[in-house]
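There are 2 protein chains.
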Amino acid sequence: MSFTEGKTVRKRPKYLQIIDYIKEKIGNGEWPIGSKIPSQRTLAKHFEVNRSTVITALEELTADGLIEGRMGKGTVVINNTWTLLAKNSSPDWDQYVNSGIQQPSRRIVQEINTSESNPELIQLSKGELSNEIFPLAVMKDIMGKVSQNIEAFGYEEPKGYLPLREALSGYLRTIGIQASPSSILIVSGALQALQLISMGLLQRGSTVFLDQPSYLYSLHVFQSAGMNLTGLPMDKEGLLPNHIHMTKGERGRAILYTNPCFHNPTGILMSERRREEILTASEKNQLPIIEDDIYRELWIDNIPPAPIKTMDKNGHVLYLGSLSKTLSPGLRIGWMVGPEPVIERLSDIKMQTDYGSSSLSQRVAAEWLISGEYQQHLDYVRHQLKMRRRHVTIALETYMKNAAQWSIPEGGFFIWLKIIPSISMKLLYKKALAKGILLNLGSIYAQEKGNYIRLSYAYASLEDLQKGIYELGLIIGELASR
Amino acid sequence: MSFTEGKTVRKRPKYLQIIDYIKEKIGNGEWPIGSKIPSQRTLAKHFEVNRSTVITALEELTADGLIEGRMGKGTVVINNTWTLLAKNSSPDWDQYVNSGIQQPSRRIVQEINTSESNPELIQLSKGELSNEIFPLAVMKDIMGKVSQNIEAFGYEEPKGYLPLREALSGYLRTIGIQASPSSILIVSGALQALQLISMGLLQRGSTVFLDQPSYLYSLHVFQSAGMNLTGLPMDKEGLLPNHIHMTKGERGRAILYTNPCFHNPTGILMSERRREEILTASEKNQLPIIEDDIYRELWIDNIPPAPIKTMDKNGHVLYLGSLSKTLSPGLRIGWMVGPEPVIERLSDIKMQTDYGSSSLSQRVAAEWLISGEYQQHLDYVRHQLKMRRRHVTIALETYMKNAAQWSIPEGGFFIWLKIIPSISMKLLYKKALAKGILLNLGSIYAQEKGNYIRLSYAYASLEDLQKGIYELGLIIGELASR
Chain Y
1 MSFTEGKTVR
11 KRPKYLQIID
21 YIKEKIGNGE
31 WPIGSKIPSQ
41 RTLAKHFEVN
51 RSTVITALEE
61 LTADGLIEGR
71 MGKGTVVINN
81 TWTLLAKNSS
91 PDWDQYVNSG
101 IQQPSRRIVQ
111 EINTSESNPE
121 LIQLSKGELS
131 NEIFPLAVMK
141 DIMGKVSQNI
151 EAFGYEEPKG
161 YLPLREALSG
171 YLRTIGIQAS
181 PSSILIVSGA
191 LQALQLISMG
201 LLQRGSTVFL
211 DQPSYLYSLH
221 VFQSAGMNLT
231 GLPMDKEGLL
241 PNHIHMTKGE
251 RGRAILYTNP
261 CFHNPTGILM
271 SERRREEILT
281 ASEKNQLPII
291 EDDIYRELWI
301 DNIPPAPIKT
311 MDKNGHVLYL
321 GSLSKTLSPG
331 LRIGWMVGPE
341 PVIERLSDIK
351 MQTDYGSSSL
361 SQRVAAEWLI
371 SGEYQQHLDY
381 VRHQLKMRRR
391 HVTIALETYM
401 KNAAQWSIPE
411 GGFFIWLKII
421 PSISMKLLYK
431 KALAKGILLN
441 LGSIYAQEKG
451 NYIRLSYAYA
461 SLEDLQKGIY
471 ELGLIIGELA
481 SR
Chain H
1 MSFTEGKTVR
11 KRPKYLQIID
21 YIKEKIGNGE
31 WPIGSKIPSQ
41 RTLAKHFEVN
51 RSTVITALEE
61 LTADGLIEGR
71 MGKGTVVINN
81 TWTLLAKNSS
91 PDWDQYVNSG
101 IQQPSRRIVQ
111 EINTSESNPE
121 LIQLSKGELS
131 NEIFPLAVMK
141 DIMGKVSQNI
151 EAFGYEEPKG
161 YLPLREALSG
171 YLRTIGIQAS
181 PSSILIVSGA
191 LQALQLISMG
201 LLQRGSTVFL
211 DQPSYLYSLH
221 VFQSAGMNLT
231 GLPMDKEGLL
241 PNHIHMTKGE
251 RGRAILYTNP
261 CFHNPTGILM
271 SERRREEILT
281 ASEKNQLPII
291 EDDIYRELWI
301 DNIPPAPIKT
311 MDKNGHVLYL
321 GSLSKTLSPG
331 LRIGWMVGPE
341 PVIERLSDIK
351 MQTDYGSSSL
361 SQRVAAEWLI
371 SGEYQQHLDY
381 VRHQLKMRRR
391 HVTIALETYM
401 KNAAQWSIPE
411 GGFFIWLKII
421 PSISMKLLYK
431 KALAKGILLN
441 LGSIYAQEKG
451 NYIRLSYAYA
461 SLEDLQKGIY
471 ELGLIIGELA
481 SR
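First to last, the sequence lines map onto chains Y and H. According to the UniProt record's numbering, the residues represented by the first sequence are 1 to 482, in order. According to the UniProt record's numbering, the residues represented by the second sequence are 1 to 482, in order.
Calculated from the structure, these hints are not laboratory results. Being a predicted model, the structure only gives us computed values, none of them experimental. Beta carbons are placed, not taken as given, at the ideal position from N, Cα and C, and that holds for glycine. It cannot be assumed that every hint is accurate.
[Unchecked claim] Only pairs whose alpha carbons sit at most 20 Å apart, straight line, appear in this in silico SDA-like list of lysine to any residue:
1. K284(H) / I300(H)
2. K140(Y) / A152(H)
3. K426(H) / L462(H)
4. K426(H) / E367(H)
5. K140(H) / A137(Y)
6. K430(H) / R106(H)
7. K313(H) / A306(Y)
8. K140(Y) / E151(H)
9. K430(H) / G477(H)
10. K313(H) / G34(Y)
11. K23(H) / G176(Y)
12. K73(H) / A63(H)
13. K140(Y) / K430(H)
14. K313(H) / E24(Y)
15. K401(Y) / M425(Y)
16. K140(H) / G144(Y)
17. K284(H) / N28(Y)
[Said to hold, decoys possible] Heads up, incomplete: computed chain H residues facing chain Y, CB under 8 Å, no partners named:
18. N79
19. A152
20. L191
21. Q195
22. G330
23. S359
Chain Y with its partners taken away, still in its complex shape (with noise of 0.2 Å):
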């Protein structure tokens, strides 16, 4: 909730003043009958005055009969200025807001999506580079260059402005990948490739076969279309195909799901002999594959091999790649390589979503890529992770070592940690939260058996995942313990 009108009555009573903002709230709908109005404590803060100030506000409004003391609920608005004369005709938005087909995030999802955006926190969890990272420089001097030479521009063709697919086109031969400009899609991200496949190419009561744990588990956007995951084993190299079993109802039902480079949460790195497995047994199963390679050029070490799309002779691989991971999530450019007839049909439905993305992103991003600046920035990335690493490994023996275990991994952002103790891990994620340290936990992944946390060494600063780490150590010691 936003606070930003309370400024302009400054002047009278706080308690009327308290008053106010609620009526208002309530008499222009956007508190509307039925939702739950901000805690005691919250108002209190907002108008600094003390709860009995707030408590007393609250008593006018009730005696008024617009909000109403719930046990369990707290204070719910009841009544709006209209209803008082008329009899309660508002929609009952919740049965709305419950009944959609898009199932809300899970709880904790939320919770961290809103906690991630809390500035105060250490943010050991967050999947994105640090604004440290950001090219600044660059990123104005593209900006000032694309400003400059803008024409008029309206909605982009289907498939995305042609000079970023064309651009693209030349990147994908640097790793191995022959696309022309007509079967590559520009999307808004690889989440909205994965919407897109989940609307169009998918049968409710397919199966979508993935990595388990894997980030997929954390999102809706297959379940709420009604397909069942069905997570497949992982080892050191990757997921293993071997475990693979199609019923004959799932032929030409089911798609495989796989993220081969640094792997989202684990950090694992799939081999190249186990990519040549996997595209063999997709084939043998006639099972397509969607390669989510967002973090292929985090590499920190070597190379990685090659994408699995390299060796896909016959259109088995819809390939996704993303800026999210190594530029700027804000972009929000993404990219989908594949068969014509299936970025045909994806493109007609993401002009069904939104018309295409943003112009200017386009714009941005093809100058980006164009101008050779991406290449350049991708170097000082991987320099950037690597130093990070290293902090974050030594930060990691220093304070953690009889705590959890750990793989170093070859490029990313992400260490998977397993918590040796046997600690609740509920407990763990509120005691560091109470610290000021939000953590994902490998739950959020399905990841079933071992208490695990996907810590990214990426978005905190060096100081914060050092002290991170440290009051980490401290909380997993004191609960072991108990």
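Since the structure of chain Y is provided, determine the placement of chain H on it from the hints.
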């Protein structure tokens, strides 16, 4: 399809170039097994050869077993270099492409989408401001300013960039709507708002009441999610709310969609009285309203009646606005205003769909509003539309007097032409296209009775508008005299 690769192989004989080109497309999976290759005519045109050269190439590829001519289906890929070695193991993408949840756009709408990016056609159809009206100089200035002041940007808050929501809160006050930033959600255009509503608030089998004809009939946003559209008749003051008949089962599961200002496609402006009647009917039936008001600022003669949202004291109305029709669709910036619980729910779904709109676009949009340039630009657009409307009505009077009837709209982009002679509209569409003129027929919008065309005076040049109307008059005359 794109032919850019063809350019690199210019020295080989033409028929070998064609073979190389097709083999590459098949070999890398862009043209998977089962897909149709371009027509002989298209290939001949691209490679600048006679059709006989193309036939020679295709015969060789047929002999190789890669392609096959099929009756009524053109030439189809039946093998690739890989499957010639092994058995055919390609996924049956056709089956996937035809089986997703989201319905494909209607064929005529897909055709129009494609034809709309053909710059050689006279676009009497396009619902978009002409490039001539695009404020290029100011856009460059604003982008330059934004690029100078920008800071590192990542994922935005779920509801969108706060300074943009604050600026919109101020803008909305100018049209009578009280909305704090917390009850505003930034979307990538109004279409995305509808998509979010369909996914987030409605169950399968819900009813969407709407104007008939309506732009919404040309989309599949609600139908694909399993909702039923129930059209309501309109008169000159807008849709007739006394035709809303809800069954008991529909209560709490239905919604009303309307386009009160300069309705698409008819151009009708809803009267103030009608707005009140609709709100009353909605309250009586507990039927929430989607007020799609994206054409409001395009008034030519008088400021339109206040939005229904301004009279809404119960949070009945979700209000939609956008920069697409007034400034540029390429920004992909729209907004939705509604009760906070609804906005929270839809912002969660937006995060699940695409993680928010482009940071660049949001910053540029905010700067347009904050600097005051947006209001100045609107004045200019109104002036231009007034001039265009005059120009077009003169052309209609001159060339179409006996061919059609129309009302002069008080704003927006569209004139709803009723064709007088009883002719085949499909034939009219085809004959116009053969003359290089693209039309939108009334049937796209579910206009059942009478022969209608939605004529846009916003996009084509004045010269093309005149020429297009002149030709249209001739074709109608010719068809009528058969």
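**Request:** Mind listing which of the numbered hints don't hold for this structure, in increasing order?
**Result:** 1, 3, 4, 7, 13 and 18
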